[in-house]
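Based on the provided sequences and hints, a complete structural model is requested.
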Amino acid sequence: MLDVAVLLSIGRHPVSGRARRAATDAQALEMALALRPRRLTAIHAGPPTDGEALRAYLGMGLERLTHLVLSEGADPVEPLIAHLRQFDPSLVLTGRQAEDGEGSGMLPYLIARGLDAAVVPDVVRIGPADAPNSIPGAADLVQALPRGQRRALTATGRFVATIHPSAPPARASAYGPARRGVIEPVAAQATADLFLSDCEHRPWRPKPKLMRVKRGGSALDRLKAATESKSGKGQLLVNPTAEAGALAIYDSLVEQGMLP
Amino acid sequence: MIATALTTVVLAVLAIGAALAAWQSRRWLAGRPAAVGVVAGLRALPGRYLVDVHHVVGRTPFNARFHALVAGGFLAAVVLLVAMGVAIAGSWAGSRIVWLLLAVVLAAMLAGALMVRHRRRVLRPRELSQGRFARLPLSLLGFSGCLLVVALDQSLGGVMPEALALILVAIAGLAMADLVWGVWKGPLKHAVHGALHLAFHPRPARFHDGRGRDTGLKPLPLAPSEDAGTVEPGTLGVERPVDFAWNRLLGFDACVQCGRCETACPAYAAGLPLNPKKLVQDLVVAMDAEASDAAYAGNPHPGRSVGKAHGGAALPLIGPDAMIHPDTLWSCTTCRACVQECPMMIEHVDAVVDLRRFQTLELGATPGKAAVMLEELRATDNPGGRALSRRWDWAADLSLPRLPAGGSCDTLLWVGDGAFDLRVQRSLRALVVLLRRAGVDFAVLGDDELDCGDVARRLGDEATFQSLATRNVATLNARRFTRIVTADPHVLHTLRNEYPAFGGSWTVVHHTALLLELITTGALTVTKPVGRSVTFHDPCYLGRYNGEIEAPRALLDAIGVERREMLRSGLRSSCCGGGGGAPLTDVSGERRIPDVRMEHVRETGASLVAVACPNCALMLEGVVGPRPEVAEIAELVLAATETAR
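Protein chains in written order, with numbering that gives the first Met the number 0: chain A, 0 to 259; chain B, 0 to 644.
Derived from the structure by calculation, the hints contain no laboratory data. Some hints could be false.
To be verified - Beyond 10 Å from chain A on every Cβ pair, some chain B residues (computed):
1) N62
2) G209
3) R303
4) T365
5) N545
6) E547
7) L617
8) G624
Said to hold, decoys possible - Heads up, incomplete: computed chain B residues facing chain A, CB under 8 Å, no partners named:
9) I96
10) G367
11) T379
12) P382
13) A386
All residues carry an ideal CB built from backbone N, CA and C; glycine is no exception.
Shown next, in the form of structure tokens:
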């Protein structure tokens, strides 16, 4: 693994909404640093206000980072492809999932199409191929599949890998290197992202689960009740008044025997 | 003839000792510059020795006595011998009186030396170092015994054959040379370096001529310094021995390996890999260019062998193969028990925090869950990464008055991060009910209350601490109140002693002091005395850090408990293991620190242990049963002041 590029986006803390390093992008950088490549290029594309949050990546031991400065709401895909073409890296690493803004889950695929490279999603481990008859430059990958399964792959040539959250955790970001690291701003031209500006933005929240207590029955019944997912039951209230909502919660608690 | 020989030997040995001490000084002078009042320090030296050092040494009266006899006798004998050297030139007639005087001080020293021998050969406390120290009683006895015979003989007119007297003088000279050689690397180093350390101490305010207590950490300048060239830009904290200020290195070098810190250290007692004495000795030997701990002859860091650590003055101190293993550094609970016990006034906790600052700020090497916590703290201003509004979930039905910017109230209640925890919420509810019952005009900050930064600072993350401190100070300075009350001694210490450096200066009161005041003024009436046997566990940050050990006890007495004291209580209390981020770094040992403390509680036979700190409550309640009950002091007061409906 001689020449690695990492794409880093700005994350957003789910509770405070404060800008931070994006979790899986930080893991991608961790993996890139652990590979000890001959050349490591770290790239961020975004508005000039992103500078301070990018320092969290520098704090992981990165000496410099290229910031493709775009206007607010611009689509970063084209400038990233253009910039990556200059460097021609053999491996592009990035997180599987953005936390905010333009770095959507589509971005790795669009970049790979632009670079004419393969995409390997949800990677948890990368290392040089150790089979005796492997092609020089090939890499052994481990890919995360649902339910904790893993798949071993061998990749040759240039490819884009996205990092799964179960990859090795990112090292802590230290204040001193973050302060000393260099952010190199590079002016870039990009078209506005009309799709994203049309979208409605709202904070993600988990789908609420209906809690129910089953009493009686055999052990098998209780196991089924606890494991089978049921839907369509319960009461759906859309924009209820405070009183109606409270009454529904109260009734439900009485029904489940949690209140006298 | 005898006198000439004697004074020649003494003066020669003293000159060699002075030369050795001067040569050794280059080791600690290699440290960073420090602003020290040299003249004021030297002037304060005798007072600091006689008051502050004696206060510590006097806790073990036997040691204090033999030290007074040996050190006093030795110094007086040396002064007399030098004086005799001066007197010989004038062939003074009263020399027999001087010989007699010399015999008296040498007899005192001999008595002290016998006590030293008794302690080192018969009592053999396990915290004492061997090695160079094992020869100490022999040298002391040789010097005082041989010279005593010569001095007595001379005061009687010299009946002994001259050859025998000269042999005795030679033996005494050898013994003294061994003692003075100790100025180089041995027992007597503490005399020279300890005196200089008292004069040039990095915390002069801790002595009786200052405020008497100085426990707040000093801010680390984070912005690159204006006067470029003096400080190497970039490195924060201490990586190598030479990164310490010179007077801090001098302090480590004063260590006499008495092992008092070792017996006081909660981490050592629980078998965590930290022995404060060895830690300081690691720092001492690391001042040499090619350093190894092979010559160390005391107890090791528990679970770690001696002799494998290597380092040097310009080499990193922390590392798996360096002088200090990271586990040792992160075992410290910053409880200050070692500082409280140290007769040489060494500041162990400052050293630990400075080393941690480099690890966290430069390497990002904070271990375990601590790094995760710090990242959440930076993103959400509380260690759990929760919404700040959820700090008040427990008080949803209490409708606590909020203090907006520009508003004013009498008492501001700072609840701290314990408010996110179910256990601590119970004691906070008790406190709020008590404040209501007593009619106190109080309010809370609401969502503007951030974490005070205590844990981040002890973990070395000065940047996050300073960010939180400046914002909290701005929040508090925008409101008017008479005092801040908190149930968390860590908050108390940070707000009272560490925020002044960031422009905050308020009256900060611990809730035990407030509740005592409410009971003594009659705002609260004790209706149901507790009547149980209770022992009080002093929080380190209330007791040792702030000296408040009376109010909680007076409060317990006021609510009618049968109070029992643990062997280690008050300023010499033992830590619960919850300070300094130790629960987050979670270094494993033979036992858990709270288990050790619960042993102390069991020894009193008390059925309940009262705590006054959320961390202590959590740590001690985490001890598996059967064990004495754990109750926050506010909960006890609430039960005792219940009024009939």
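Checked against the structure, which of the hints given earlier come out wrong?
4, 9, 10, 12
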